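Participant: Residue numbers (the working numbering), protein chains in the order written: chain D, 1 to 426; chain Z, 1 to 302.
Derived from the structure by calculation, the hints contain no laboratory data.
Among the clues, some could well be false.
As the list claims (entries may be wrong) - If you want the ones that stay clear, here's a sample from chain Z, every Cβ over 12 Å from chain D, calculated: (1) T169; (2) N251; (3) V277.
Unchecked claim - Stretch by stretch, here's where chain D covers chain Z in the computed footprint (C-beta under 8 Å, at least three residues): (4) 61 to 68; (5) 117 to 125; (6) 145 to 156; (7) 206 to 220.
To be verified - A few chain D residues that face chain Z, going by a derived Cβ cut-off under 10 Å, partial list only: (8) G42; (9) L137; (10) G138; (11) G171; (12) R208.
All values derive from a computational prediction rather than experimental measurement.
All residues carry an ideal CB built from backbone N, CA and C; glycine is no exception.
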Amino acid sequence: MNAGHSLDNSLVQPPAAPSSAVAIRMEGVTKVFRLYDDPIKGPLKSLLFFWNKHRYYREFKAVSDVSFCVKRGEVVGILGPNGSGKTTLLKVIAGLLPVNSGRVEVHGKVTALLALGVGVNPEFSGRENILFNGILLGLTKEEVLRKTPDIIDFAEIGEFINQPFRTYSSGMKARLLFAISMSVAPDIMIVDEALATGDTYFVKKCARRIRDLVSGGTTILFVSHNLHQIVELCDRAYLMSKGQMISEGVPGKVISDYNDLIFHEERERLKQWVNPDLLLMDGTGDVLVHDVKLRNKDGISTNGFYTGDSLQIEIHYRSFLPENTRVSIFVGFLQSARLTYVGFFNSSVQDGIESPVLPVGEGAAGVLTVHFDQLFLTTNDYALWIILYCDGVVYCEYKGIRPFFVSRKDNAIDRGGYFTHPGRIL
Amino acid sequence: MVQDVSHGVGHSRKLNPFTGFMTRGTRAVLEENRGRRDASVLYTLLSSIVRYREFIAVMAVRDLRGQHAGAVLGLGWQVLSPLIKVATYVVIVSVIFGQRLSPKAGIFDYALYVLSGMIPWQIMTRVIEESPSLIRDRQEVLKQVIYPIETLPITSMMVGGVSALVSFTVFLAMSAATGHVKPSWLLLPIPLALLGLLLLGLAWMFSIAGVIIKDLREVLSTLLGLLVYLSPVVLSRSIVGDSMWQLILYNPLSHIVICFRNVFYAELDTTSWILFVAMTFGTLTLGALIMGRAKTLINEHI
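Using the sequences provided together with the hints, build the complete structure.
Facilitator: Structural data, given as structure tokens:
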């Protein structure tokens, strides 16, 4: 309604070479959203007081200077963390959003599957919903009617098709909606996370259908957090971060870039996390910790680690204890989301670990180092719980300190972390 | 550039008549891109209504089925409520206040008078009241698929048309019984077409405005509820007197009712016709400008 202020005419160029092999081409596309402080009065005020309109909104660059090209018949995946601009990009290609600058070329009929079940009414029967949903996806009435038996067949709904949609089980609902989406045969299909749900059997069926579409010449642009699907289905992939395309290539390479990015982002996020200060929670205060450093296998102080790699914890302390006092060290690992206690190391009960003797003297400084050869923690955010004590006397206790992030080396996003459990065959 | 894409449109149109708008969305993006405001935006919008007539029909069925799911009478309410309204007006004005259109005229003549006014009024109120929520009620769909939002007012126009048709049938039967049917009735398509275009323009404006101003619907329906008493629907010059009638003529909607009555009673109020035609093209042009500009941008606000 009130854009058009920053339209860039200079970016419009005469058509390049005949590009019949190209399905989608974007050059320097930028999309800026206006975030109004007041969603109702804001747009009105900026329209009325147009000379001063910048007072009423902040600009957010969802897609910034993106250029890419998809050839006809290619299956291209787009990866990226949440909020990196993937859906905005897809909406621009689908023609749902205008751009602020840059040029978009789309050759052929586009069908965008941005969400399942667009316009589904639970009161209508399955058959009616097929008609309305199909029409909304861009089919004509006769096309939908012709395809209806195939859709019912594909979804395995059977005689329930004339029952109201609300009476279906959730599996049936998902299958019917997938089947409708899969029945369109456009030149270009845009799929946004639509395949992320559903049971394995049906997802496989959909993957087969996608391959059929591709062999029929359909171009597919595919956004997913399911890395397995990207590898399985895509010829090529792009990685988006903060509205920009930062990597492009074969899926394997882009996925590894993606994992690096996620790992990096998780670590950055932890920097803002709570309790960075070493606040004494309990204890006599005879020993005080003033710094805790975590080092990875290369000896670098960091807050991101991989499952199975080594971890070294350095506890920098000052001691006010009398001569020859031994201290035991307890290191607990807390899952930071709920501060659940998931594992520990204790120097006094573990075989072969001698409790160190701290140096004597008023405020004598020193470093205690605990080394773990192999980190057993799986993908998650963690924090430490450290207690220095002796014979039931707690000198100091710190809980929820030094947050860090652990991930699988090959898949940083997979929250269902797991590890290769040591074992042997007898 | 545009030629390039039109090539794509032409190619896909062979596959599917519907694809016109599928790719047209992209072309709209390109036009945004070039900062060009096409002067023929009105033509584009009107022709899309013709092009998507099948789509509009299916969506109208969907909307009506959705609105009346679980209702006993369903569409019957569209038929009943205007007749009940007419009966109420007639009883209040004629019986309770004892007003007559002219010294010789009876209650029956007054009922005919009210019915003839209700015919355009019903279409107007239906479309105007519904327009602010046209886009808002469908935002989940509009976010996901390219939808020709310029076709949205057509459904409420059709529903309003059903009520008006019922009133017209009753009016026709009553007129035929008393020999009131006149050859001038053949001109009815003229005010109907004008009204259709006027309401289309209004609905385009209000549907866009309704996205941002959430209480527009309440404002409009309250206003219309009051305006019926400042319109010639239930009142006539002989009932209210000259000075009050002058006030009624300040209501722009009055002239629409007067034009319809002109056709039914074979009269001619030139001023009302000029105003009606001017209003129609004014709102249609303004509505098309607003709709053409906001068509893709509105997606950011829903």
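Participant: Compare the structure with each hint and give your call.
Facilitator: These are the hints, each one checked on the structure:
1. T169: holds (30 Å)
2. N251: holds (26 Å)
3. V277: Correct as stated: the minimum Cβ-Cβ distance to chain D is 29 Å, above 12 Å.
4. 61 to 68: holds (count 3)
5. 117 to 125: This one is violated; 0 residues, fewer than the three required, reach chain D with a Cβ under 8 Å.
6. 145 to 156: holds (count 3)
7. 206 to 220: It holds: at least three residues are needed, and the region 206 to 220 of chain Z offers 4 whose Cβ sits within less than 8 Å of chain D.
8. G42: holds (9 Å)
9. L137: Holds. Min distance 7 Å.
10. G138: holds (5 Å)
11. G171: This hint is violated: D/G171 lies away from chain Z, its Cβ roughly 22 Å from the closest one there, beyond 10 Å.
12. R208: violated (23 Å)
Hints 5, 11 and 12 from the list above are not met by this structure, while the remaining hints are.
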